[in-house]
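Undergrad: Once you've looked at the hints, dock chain B against the given chain A.
Protein chains: 2
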Amino acid sequence: MPPTSYGTLYLIPVTLGDDHHEPVLPVDVVNIARRLENFVVENEKSARRFLGSIKTLRPVRELALSTLNEHTQDKDIPALLAPLLAGQDIGIMSEAGCPGIADPGAKLVALAHRRGIRVKPLVGPSSILLALIASGLDGQRFSFLGYLPAEKSARNQRLREIEKHSAKANETQIFIETPYRNQHLFDDILASCQPQTRLCVACNLTLESELIQTRTIAEWQKLTAPSLQKQPTVFLLLAS
Amino acid sequence: MPPTSYGTLYLIPVTLGDDHHEPVLPVDVVNIARRLENFVVENEKSARRFLGSIKTLRPVRELALSTLNEHTQDKDIPALLAPLLAGQDIGIMSEAGCPGIADPGAKLVALAHRRGIRVKPLVGPSSILLALIASGLDGQRFSFLGYLPAEKSARNQRLREIEKHSAKANETQIFIETPYRNQHLFDDILASCQPQTRLCVACNLTLESELIQTRTIAEWQKLTAPSLQKQPTVFLLLAS
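First to last, the sequence lines map onto chains A and B. Each residue of the first sequence is one higher than the last, beginning at 23 in my numbering. Each residue of the second sequence is one higher than the last, beginning at 23 in my numbering.
Quick caveat, the hints were computed from the structure, so don't treat them as lab data. None of these values were measured; they are calculated from a predicted model. You may find that some hints are simply not true.
Just so you know, same-sequence chains aren't split out, so a pair can sit in one copy or run between any two.
What the hints assert, rightly or not - Below, a list of computed lysine to aspartate or glutamate pairs in the DMTMM-like style, where the Cα atoms sit at most 25 Å apart:
(1) 67 with 41
(2) 252 with 232
(3) 77 with 44
(4) 252 with 210
(5) 142 with 230
(6) 190 with 96
(7) 77 with 96
(8) 244 with 84
(9) 77 with 173
Pulled out of the complex, with its shape left as it was, chain A reads as follows:
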């Protein structure tokens, strides 16, 4: 058991867009986030906006926010644990959704385990998980691959590998793209994959404009393409 004099590292999920938190966060999660005074955040601006929206017990300007993002050097991460070692709790927050997936938060969590600090994950929205369950693609086995290569020919090569692996392992393949390149990725999938492969696009999850559709490549080719440009989108592919 970790020394009881240490604080707890809470993994605080936040909303996926500018929506309200009631539809996507349990009351108890909001109450925990409200009383914390120390945060490690991926994006300070969005974190302050979220903390303002949940009405923290202390004014947001009095809370201690440290940044952990892709520019943070590994040597600077141990210092972020200081409040925990001094007995105070910390909340870690990603820019959107759950911390520690496709963001650098996992490094701080790993350090906490090494120091025997209690890590407490809280329930909230994850676009990857919501997309997976809503896709109807087999959730018995799945892989999240993060971003695919940005360069067109490397990406098409990778898409063919992904499709091959999906068919062989009967495994749903999940990937994302920076929103302004979504439409290119969608077009490349339609051009590179087999007609009977199933593709789900899950767009603007939890928002009013949510769109989730699963079709075969052959069916997508006959439809008017959905407008994915600049919309946060999760792509899921299952080949047979």
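TA: Chain B alone, transformed into the frame defined by chain A:
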């Protein structure tokens, strides 16, 4: 767009154990589940207990529950869509956590997409996701593998393959076991894997007895093994 005369298929997450729903379900999710009158459930007994606990608007005995589990034949699944085609909403529920992951619910969701029925995923607890974010293992890439082979030598062989793939792809490997075999699996991992490989065991997630620890194989070998027997546990492994 789907015909507006169709109902919506809601994916209703439920608690992971006998805990209360307040810590793990958003209020709006509970309110949606409360007003539904048609359900497709993996386990009728646990579904009735959950519906009783959230105080459905109509008495639980008046709600229509159909079963979809591993014994359901594919030919019987299309009939489950009938209320949706007649304009009524359906809630689909797994025995624990989110529907459509490691349960047969995905087949109904896939059919709904084929018929142009709206699918709406709701936020709630997923032991796989909670384990992943709390493990501190790299969430940039991960695979969920479901169950490993039950037979010892096949399982040890599979563990070595998993470890090799994890190191090569820098990918966290997530898997589960039927709870009464957890201790055997844990012992086999310690015996089969490399000393520097990191292993997280995440046990009884969201419950009072929650235990989440990440250590290297070498460190686990020196510790008293945690008691995992008959406790729902997620195993996560990252090799380097």
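Undergrad: Now tell me if each hint is right for this structure.
TA: Hint check:
With identical chains, the CA atoms of residue 67 and residue 41 are at most 25 Å apart within one copy only, with a shortest distance of 16 Å there and 35 Å across copies. In the homo-oligomer, the alpha carbons of residue 252 and residue 232 lie at most 25 Å apart inside one protomer (14 Å), although the nearest pairing across protomers, at 39 Å, exceeds that limit. Taking the shortest alpha-carbon separations for residue 77 and residue 44, both the intra-copy value of 13 Å and the inter-copy value of 19 Å come in at or below 25 Å. In this homomeric assembly, residue 252 and residue 210 come within 25 Å of each other (Cα to Cα) only inside a single copy, at 17 Å, whereas the closest approach across copies is 47 Å.
For the homomeric pair residue 142 and residue 230, the shortest alpha-carbon distance between copies (11 Å) is at most 25 Å, but the shortest distance inside one copy (30 Å) is not. Taking the shortest alpha-carbon separations for residue 190 and residue 96, only the inter-copy value of 22 Å comes in at or below 25 Å, while the best intra-copy value is 37 Å. In this assembly of identical chains, the alpha carbons of residue 77 and residue 96 never lie at most 25 Å apart, being 32 Å within a copy and 49 Å across copies at closest. With identical chains, the CA atoms of residue 244 and residue 84 are never at most 25 Å apart, being 55 Å at best within one copy and 44 Å at best between copies.
Proximity of residue 77 and residue 173 under a CA criterion of 25 Å is satisfied in neither setting, with 44 Å inside one chain copy and 53 Å between copies.
Taken one by one, the earlier hints fail for this structure at numbers 7, 8, 9, listed in ascending order.
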